[in-house]
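**Student:** Now for the letters of each chain:
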Amino acid sequence: MDNNRRTFLKIAGISAALGLSGGIPLSLQAYTPADVEYVPTKGQITGKRWGMVIDTRKFTKPEDFQRVIEACHQTHNVPDIQGNEEIKWIWTDHFEQVFPSSSNPYLAERYEQQDFLLLCNHCNNPPCVRVCPTKATFQRADGIIMMDFHRCIGCRYCMAGCPYGSRSFNFSDPKPYVQNLNPDFPARMRGVVEKCTFCAARLEQGQMPACVEASNGGLIFGDLSDPDSEIRKVLRENFTVRRKVELGTNPCVFYIV
Amino acid sequence: MYDSGKILTGLIIFLLLITFPFWYNLGQASYEPPDLVLPEDSQQCIEPTQWMRTNHMELLNTWRDMSVREGLTTFVSTSGESMEISLQKTCMDCHTDKVNFCDECHNKAAVSPYCWDCHIAPEEVANGQ
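Chains as they are written, first to last, in my numbering: chain A, -19 to 237; chain B, 214 to 342.
Derived from the structure by calculation, the hints contain no laboratory data. Only a predicted model underlies this, so the values are computations on that prediction, with no experimental measurement involved. Idealized CB from N, CA, C, for every residue including glycine. Among these hints, one or two may not hold up.
Cross-link-like lysine to aspartate or glutamate pairs, in silico, EDC-like; alpha carbons within 16 Å at most [what the hints assert, rightly or not]: (1) A:K41 <-> A:D95; (2) B:K311 <-> B:E337; (3) A:K155 <-> B:E337; (4) B:K311 <-> B:E253; (5) B:K302 <-> B:E336; (6) B:K302 <-> A:D164; (7) A:K155 <-> B:D330; (8) B:K311 <-> B:D330; (9) B:K311 <-> B:D248; (10) A:K115 <-> B:E283; (11) B:K302 <-> B:E337; (12) A:K155 <-> B:E336; (13) A:K115 <-> B:D278; (14) A:K28 <-> A:D208; (15) A:K28 <-> B:E283; (16) A:K22 <-> B:E297; (17) A:K22 <-> B:E294; (18) B:K321 <-> B:D248.
Across the chosen pairs, the derived CB separations fall in these ranges [what the hints assert, rightly or not]: (19) B:N313 <-> A:R37: 52 to 60 Å; (20) B:T291 <-> A:S81: 52 to 60 Å; (21) A:Y86 <-> B:P335: 54 to 62 Å.
Build out the structure end to end from the sequences listed, making use of the hints.
**Tutor:** Structure representation (structure tokens):
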């Protein structure tokens, strides 16, 4: 056979045409939805800067704390692990631990014996977000400091950065330690850090945070940027303190003491 | 031509080796798609089945980013239907049988996604785990 440029081009053209004709029906089958949309859920509670007031006068008995902590931990599948592998989203501690710089000798008996509710402060200037190398911890436009568990590599820089101890690390698989799995919220896996998310998932469904609902008015959640909101009214009428403000993190959880 | 014998032998050995997967599998059973248990009470997935089969992983990835990072929690499909972006509440609401649906294909294709390390499959709830 006389192989010259002309016959080569002929054969190449024919085989390309054959190849294409096999490919066309396939590529027509492959269909990409171009007109799908991602929108916020209707009825979502929105705000510009979320904050919380903890009215410590309403938390006197152990049951008051227990109710709130259980509501949170049940909603978010927080495991119940004792010892130094403990996982906590909302918990209690004594005055001198909560307000180390305001703790004086001869403290009023009421404060000395009372427990205080602690949770992530959702700071305006969050050190955890600054140090996270993978942006697994990030701040949303409405101020909530969110965890993206998919991205967390478990380096625990955020735990070192957080001055409030608000973050817990999953040293082992937490699932066996969850009593009643809530199927509407994911659990976590070994090797990720977790913390309170101000119930971002519940706000998107139009519900208030679980702890606020269970608190019987002891916790007030609202939009700090809105001067007419309930939380601003409470802040106007009561003297409040925040934890470790001298560190410059600008926490958004206020305590009425 | 020098060493043509060696070169040709080498070429033949090379061709045999590189085509090993093809002739090794000759005469063996061809690939059978796994026998899936499809949801009984729903006829159609959120997008056409063929598309979901090829692209569900990319859709889930986008869902994850939109929901977790962008705060956009509703998905409007090409048919105009709105649904909540949630693996557990939307996907697993119809596909209640993870073992006979998800796992069948994933095992056959030797793919092990880590979704279930955290997300809770319906049978786990049924078993009270």
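**Student:** Confirm or reject each hint.
**Tutor:** Outcome of the hint check:
no., hint, in the structure
1, A:K41 <-> A:D95, "holds, 9 Å"
2, B:K311 <-> B:E337, "holds, 10 Å"
3, A:K155 <-> B:E337, "holds, 11 Å"
4, B:K311 <-> B:E253, "holds, 14 Å"
5, B:K302 <-> B:E336, "holds, 14 Å"
6, B:K302 <-> A:D164, "holds, 6 Å"
7, A:K155 <-> B:D330, "holds, 9 Å"
8, B:K311 <-> B:D330, "holds, 13 Å"
9, B:K311 <-> B:D248, "holds, 13 Å"
10, A:K115 <-> B:E283, "holds, 13 Å"
11, B:K302 <-> B:E337, "holds, 14 Å"
12, A:K155 <-> B:E336, "holds, 14 Å"
13, A:K115 <-> B:D278, "holds, 12 Å"
14, A:K28 <-> A:D208, "holds, 13 Å"
15, A:K28 <-> B:E283, "holds, 15 Å"
16, A:K22 <-> B:E297, "holds, 10 Å"
17, A:K22 <-> B:E294, "holds, 14 Å"
18, B:K321 <-> B:D248, "holds, 11 Å"
19, B:N313 <-> A:R37: 52 to 60 Å, "holds, 55 Å"
20, B:T291 <-> A:S81: 52 to 60 Å, "holds, 57 Å"
21, A:Y86 <-> B:P335: 54 to 62 Å, "holds, 58 Å"
Hint compliance for this structure: every hint is met.
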